[in-house]
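K.L.:
Protein chains in written order, with our numbering: chain Z, 2 to 293; chain F, 2 to 293; chain H, 2 to 293; chain A, 2 to 293.
Be aware that a few hints might be false.
Any copy, or any two copies together, can satisfy a pair, since identical chains are not distinguished.
[Claimed, not checked] Derived DSSO-like pairs (lysine-lysine); straight-line CA-CA distance at most 30 Å:
(1) LYS3 - LYS232
(2) LYS260 - LYS113
(3) LYS234 - LYS274
(4) LYS186 - LYS3
(5) LYS270 - LYS260
(6) LYS57 - LYS263
(7) LYS263 - LYS274
(8) LYS263 - LYS4
(9) LYS57 - LYS252
(10) LYS234 - LYS3
Simulated from the structure, these hints should not be mistaken for lab results.
There are 4 protein chains.
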Amino acid sequence: MKKIHSCLVIGGDMRQIYMAEALEQAGFEVSLYGFEHLEEGNAGRSDYADYYEALKGKDAVIFPLPLSRDNVSLNAPFAGEEILLADILHAVEGGQTVFGGMFGEREKQYLKHRGILAYDYFAREELTVRNAVATAEGVLQIVIEELPITVHGSHALVTGYGRTSKTVCTLLRALGAQVTVAARKQEDLAWARVEGMQGVFYEELPACAGAFDYVVNTVPALVLGRPVLEKLKADCLLVEIASAPGGIDVKTAGACGLKIVKASSLPGKVAPKTAGKIISDTIQNVIREGDG
Amino acid sequence: MKKIHSCLVIGGDMRQIYMAEALEQAGFEVSLYGFEHLEEGNAGRSDYADYYEALKGKDAVIFPLPLSRDNVSLNAPFAGEEILLADILHAVEGGQTVFGGMFGEREKQYLKHRGILAYDYFAREELTVRNAVATAEGVLQIVIEELPITVHGSHALVTGYGRTSKTVCTLLRALGAQVTVAARKQEDLAWARVEGMQGVFYEELPACAGAFDYVVNTVPALVLGRPVLEKLKADCLLVEIASAPGGIDVKTAGACGLKIVKASSLPGKVAPKTAGKIISDTIQNVIREGDG
Amino acid sequence: MKKIHSCLVIGGDMRQIYMAEALEQAGFEVSLYGFEHLEEGNAGRSDYADYYEALKGKDAVIFPLPLSRDNVSLNAPFAGEEILLADILHAVEGGQTVFGGMFGEREKQYLKHRGILAYDYFAREELTVRNAVATAEGVLQIVIEELPITVHGSHALVTGYGRTSKTVCTLLRALGAQVTVAARKQEDLAWARVEGMQGVFYEELPACAGAFDYVVNTVPALVLGRPVLEKLKADCLLVEIASAPGGIDVKTAGACGLKIVKASSLPGKVAPKTAGKIISDTIQNVIREGDG
Amino acid sequence: MKKIHSCLVIGGDMRQIYMAEALEQAGFEVSLYGFEHLEEGNAGRSDYADYYEALKGKDAVIFPLPLSRDNVSLNAPFAGEEILLADILHAVEGGQTVFGGMFGEREKQYLKHRGILAYDYFAREELTVRNAVATAEGVLQIVIEELPITVHGSHALVTGYGRTSKTVCTLLRALGAQVTVAARKQEDLAWARVEGMQGVFYEELPACAGAFDYVVNTVPALVLGRPVLEKLKADCLLVEIASAPGGIDVKTAGACGLKIVKASSLPGKVAPKTAGKIISDTIQNVIREGDG
Numbered sequence: 002m003k004k005i006h007s008c009l010v011i012g013g014d015m016r017q018i019y020m021a022e023a024l025e026q027a028g029f030e031v032s033l034y035g036f037e038h039l040e041e042g043n044a045g046r047s048d049y050a051d052y053y054e055a056l057k058g059k060d061a062v063i064f065p066l067p068l069s070r071d072n073v074s075l076n077a078p079f080a081g082e083e084i085l086l087a088d089i090l091h092a093v094e095g096g097q098t099v100f101g102g103m104f105g106e107r108e109k110q111y112l113k114h115r116g117i118l119a120y121d122y123f124a125r126e127e128l129t130v131r132n133a134v135a136t137a138e139g140v141l142q143i144v145i146e147e148l149p150i151t152v153h154g155s156h157a158l159v160t161g162y163g164r165t166s167k168t169v170c171t172l173l174r175a176l177g178a179q180v181t182v183a184a185r186k187q188e189d190l191a192w193a194r195v196e197g198m199q200g201v202f203y204e205e206l207p208a209c210a211g212a213f214d215y216v217v218n219t220v221p222a223l224v225l226g227r228p229v230l231e232k233l234k235a236d237c238l239l240v241e242i243a244s245a246p247g248g249i250d251v252k253t254a255g256a257c258g259l260k261i262v263k264a265s266s267l268p269g270k271v272a273p274k275t276a277g278k279i280i281s282d283t284i285q286n287v288i289r290e291g292d293g
Numbered sequence: 002m003k004k005i006h007s008c009l010v011i012g013g014d015m016r017q018i019y020m021a022e023a024l025e026q027a028g029f030e031v032s033l034y035g036f037e038h039l040e041e042g043n044a045g046r047s048d049y050a051d052y053y054e055a056l057k058g059k060d061a062v063i064f065p066l067p068l069s070r071d072n073v074s075l076n077a078p079f080a081g082e083e084i085l086l087a088d089i090l091h092a093v094e095g096g097q098t099v100f101g102g103m104f105g106e107r108e109k110q111y112l113k114h115r116g117i118l119a120y121d122y123f124a125r126e127e128l129t130v131r132n133a134v135a136t137a138e139g140v141l142q143i144v145i146e147e148l149p150i151t152v153h154g155s156h157a158l159v160t161g162y163g164r165t166s167k168t169v170c171t172l173l174r175a176l177g178a179q180v181t182v183a184a185r186k187q188e189d190l191a192w193a194r195v196e197g198m199q200g201v202f203y204e205e206l207p208a209c210a211g212a213f214d215y216v217v218n219t220v221p222a223l224v225l226g227r228p229v230l231e232k233l234k235a236d237c238l239l240v241e242i243a244s245a246p247g248g249i250d251v252k253t254a255g256a257c258g259l260k261i262v263k264a265s266s267l268p269g270k271v272a273p274k275t276a277g278k279i280i281s282d283t284i285q286n287v288i289r290e291g292d293g
Numbered sequence: 002m003k004k005i006h007s008c009l010v011i012g013g014d015m016r017q018i019y020m021a022e023a024l025e026q027a028g029f030e031v032s033l034y035g036f037e038h039l040e041e042g043n044a045g046r047s048d049y050a051d052y053y054e055a056l057k058g059k060d061a062v063i064f065p066l067p068l069s070r071d072n073v074s075l076n077a078p079f080a081g082e083e084i085l086l087a088d089i090l091h092a093v094e095g096g097q098t099v100f101g102g103m104f105g106e107r108e109k110q111y112l113k114h115r116g117i118l119a120y121d122y123f124a125r126e127e128l129t130v131r132n133a134v135a136t137a138e139g140v141l142q143i144v145i146e147e148l149p150i151t152v153h154g155s156h157a158l159v160t161g162y163g164r165t166s167k168t169v170c171t172l173l174r175a176l177g178a179q180v181t182v183a184a185r186k187q188e189d190l191a192w193a194r195v196e197g198m199q200g201v202f203y204e205e206l207p208a209c210a211g212a213f214d215y216v217v218n219t220v221p222a223l224v225l226g227r228p229v230l231e232k233l234k235a236d237c238l239l240v241e242i243a244s245a246p247g248g249i250d251v252k253t254a255g256a257c258g259l260k261i262v263k264a265s266s267l268p269g270k271v272a273p274k275t276a277g278k279i280i281s282d283t284i285q286n287v288i289r290e291g292d293g
Numbered sequence: 002m003k004k005i006h007s008c009l010v011i012g013g014d015m016r017q018i019y020m021a022e023a024l025e026q027a028g029f030e031v032s033l034y035g036f037e038h039l040e041e042g043n044a045g046r047s048d049y050a051d052y053y054e055a056l057k058g059k060d061a062v063i064f065p066l067p068l069s070r071d072n073v074s075l076n077a078p079f080a081g082e083e084i085l086l087a088d089i090l091h092a093v094e095g096g097q098t099v100f101g102g103m104f105g106e107r108e109k110q111y112l113k114h115r116g117i118l119a120y121d122y123f124a125r126e127e128l129t130v131r132n133a134v135a136t137a138e139g140v141l142q143i144v145i146e147e148l149p150i151t152v153h154g155s156h157a158l159v160t161g162y163g164r165t166s167k168t169v170c171t172l173l174r175a176l177g178a179q180v181t182v183a184a185r186k187q188e189d190l191a192w193a194r195v196e197g198m199q200g201v202f203y204e205e206l207p208a209c210a211g212a213f214d215y216v217v218n219t220v221p222a223l224v225l226g227r228p229v230l231e232k233l234k235a236d237c238l239l240v241e242i243a244s245a246p247g248g249i250d251v252k253t254a255g256a257c258g259l260k261i262v263k264a265s266s267l268p269g270k271v272a273p274k275t276a277g278k279i280i281s282d283t284i285q286n287v288i289r290e291g292d293g
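Given these sequences and hints, build the entire structure.
P.N.:
Spelled out as structure tokens, the structure:
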């Protein structure tokens, strides 16, 4: 990796603005492009005539998370104009280092083909681990807001036992909830039990579903179908935080009269400043390792 | 205390509805009055012609929390008509047992004069302790919602070290915040430190104020005046949960450009069902002790 | 209070040695007397011919905790000779400030009569609060050592809900025990429940006693008599940490074949260095307040 | 797997006795062999003339954990005679199901060759996860016992971030220690930080070693060599819980005057009853899955 000093941050939401601040504080020279509609005093800095000018001579280009929401244009909600993904990648200069979140296979191939180093910071464990905390706090906010009962003393079901699930469980228990974890593996259930929770296999859910005040799904595959849903209490809240297609049979849930709150991209919504700091730290880790 | 079986719940908000449900589940015969505007299937039950008819023959009358918000009329936001406090107390029958939250001196005297047993459930420790949990969860929701950072890793100042404060501190720490407690007594600071927090005297606050991302005030007397406020970070959030007049010098806070969120009566807003259950449990405790 | 610079530490155990070190680090000039039998490199410092010489000209005299174990001689297990309490107090010079732990009424009167300022650091809340942590860790050690089961998943009964009890409960729960608190006051039970424990009145104990793997008594008055003891499991462990006479009917416990571990003065045994640091901090607090 | 009803428990320590009790409570018919020297009322049950008679007709044979400590004889500390590993395995009847902990390659091959189903319960995740709790409590006991300070407020270094390490960290933090985790992977450090600890790479240890009051090693490969050891405080305690050869350079530690406590097989020592229950549960899981 070439020595990186100057960076262009192009596209993204408030997280990228906070990330830019954090990078500046760490000594990088940071420019912004694609934030024309942002009314926060940052606009003055994105005053390049176009992105060619903005890219010129920068050591690194930092794309948003996710890179794109439609596979066509760059994810740039505050930009004054649409920026086509193909065009902006084409405009990246040879020798520049590229960072971004959730590259598609096509983009990876294209940049590789051009000999450009590209790093997907969303693929880094230290980012996903820290993001899980922001997601879990977002879940907590939803549960406190939506339910007429305190989390303390409530009965929660959390499906799956990956990074996000573990963090959601930790926070719910920290507030005094009784948490049941549903998972596939004996080992996961053992961990859950050691942590003081109930652990059940998915097949056991229908038998105990009537006990829950809310369900948090973290599994992106159908785990909450009719056999479980029809056994839930009528006022049981469903919180879906898995990426599409999610784990809840939405149609059946609707037929059962159950309320679903879909919450995606919680870190950017709940804690954009922390989320930006996390991206900044992760990019700096990548740079340090590239130097080493 | 006379044996209590039939109760009239008169006035109050959703908490009293949930309280009524909980009392019914415990075997009491519960009637409602003053919920005509409530659209939740409960309306049908408050179909007495007037409150004289509603009161007639009941063993106990359960007033809301607080009894009144203006010292003139009963606190009955869902009632079809205003109910004057003096009138309704006058209408209570001799021999009925009265429960209510936050009786004024005048009401207490009046009922005592008439020989009517009146119990203020808000004065009971087991209610205030459990209410503190709901309040603390409400504070958590505000902090997650308002701040662009995660509670995890944030720096909080909590003033006072009474029941509510302790519970707020417990929850913030459970989520990974660094908590500083400001108090007057050496003993309180010792406890706070034993619990893993910083403990400072109020006079020491100006020297460390610059470190906090938010401040939660639980003290109903001025503890956050100019010397502290002018040292806080510009984006430090102030959360006021003490009863009037609160502990924050609002004018100076405004002049310093600091945002204040005032949050009162959190249990009824955040967790009406739990709050109702708590009142129900407390009333049953009072009855049990009265029997004993 | 006069300005204090030079101190004589006279009598006591390892705590006083660690306390002396901490005071030296804080800038005081510290001398030792009564540690002749201690083989830890500190002996060289207690080389006064007698205690008159040791006391001469010191600003403060620091007695041990407790001052005496028999009301006759000073508590000085490492001293080469017995030091009579009456004699040593008589030898204190007018104008010296005296510190000690657990003064008896007679000693207080005597020193007051002579116009000597005497402070009982054991009466200070910040000391007892912090000592409770050391005591609770000692209880943990006993329970881990004595029981054939893990604390995790075990069922504990803790009697009383004062400082020490609360801390014992916190640690047991932190390790995953199911804790039941027995107390007299409704408020204490409410707190215990809010903290996630069971709360029962003493009268309810016989009905649930069969569930416990161990009992920790913190109450210095009989609360565990025959009605409870005879309902405990045969291998239930009793840990007595209250001061005499304790709360366990020892005779009945013996008749029931129950094992009792009596554990007193745990802070000095489990964590003498921390305990010494706590005394040092407390004495410095007293001095600071005396200056103010 | 054949239906299992009758089991022979042969060899092992108190864990196997408690395991036998737990299996009996679950409905199995359990016989013991190899506990002749045990004075706990269980001896009467191991009254077979020899192990051929003991094995005869049993559905399953349960060997100890570990199977052997010397690869020659069965691990049977309470047995009246030495039982050679080769002989006892030879004596197992065709059609019997075999359970044991830590089979060697030779034993596995031999049983496979004879067509006998053999299950190593020590290889099961749910056992190792739950054992980690007992190990961690044992570490806690050592730390409380050995150090003159409270765990609360102490500074710990834990090397590695596997199952046992995580559990040790959780318990230390639960008691209020400041914990630093040393590991190799960025992801592990991220998790450790999210949990509220410091995370450092091994190479960073020499720079921060002076801060620790004790070190718990969980890595079975040299991670604590001279560069770290010579920077530790003179009274820093080393606790070695990794299996041989461990992670501490013992010779250098000795030269530095550091105290090492070696603690192996903690679950069997600290909590034999819980450890036995865990083995019983694990064997029942294996049987259930074999049936499925």
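K.L.:
Could you run down the list of hints and mark each one as holding or not?
P.N.:
Status of each hint after checking the structure:
1. LYS3 - LYS232: neither (59 Å within a copy, 36 Å between copies)
2. LYS260 - LYS113: neither (45 Å within a copy, 48 Å between copies)
3. LYS234 - LYS274: between (37 Å within a copy, 15 Å between copies)
4. LYS186 - LYS3: Between. Shortest inter-copy distance 24 Å satisfies the 30 Å Cα cut-off; intra-copy 44 Å does not.
5. LYS270 - LYS260: both (21 Å within a copy, 20 Å between copies)
6. LYS57 - LYS263: neither (41 Å within a copy, 49 Å between copies)
7. LYS263 - LYS274: Intra 22 Å, inter 24 Å, cutoff 30 Å: intra and inter.
8. LYS263 - LYS4: neither (42 Å within a copy, 47 Å between copies)
9. LYS57 - LYS252: Neither, since 51 Å and 49 Å both go past 30 Å.
10. LYS234 - LYS3: Classified as neither: same-chain Cα gap 58 Å, cross-chain 38 Å, threshold 30 Å.
Violated hints, listed in ascending order, are 1, 2, 6, 8, 9 and 10; each of the other numbered hints is respected by the structure.
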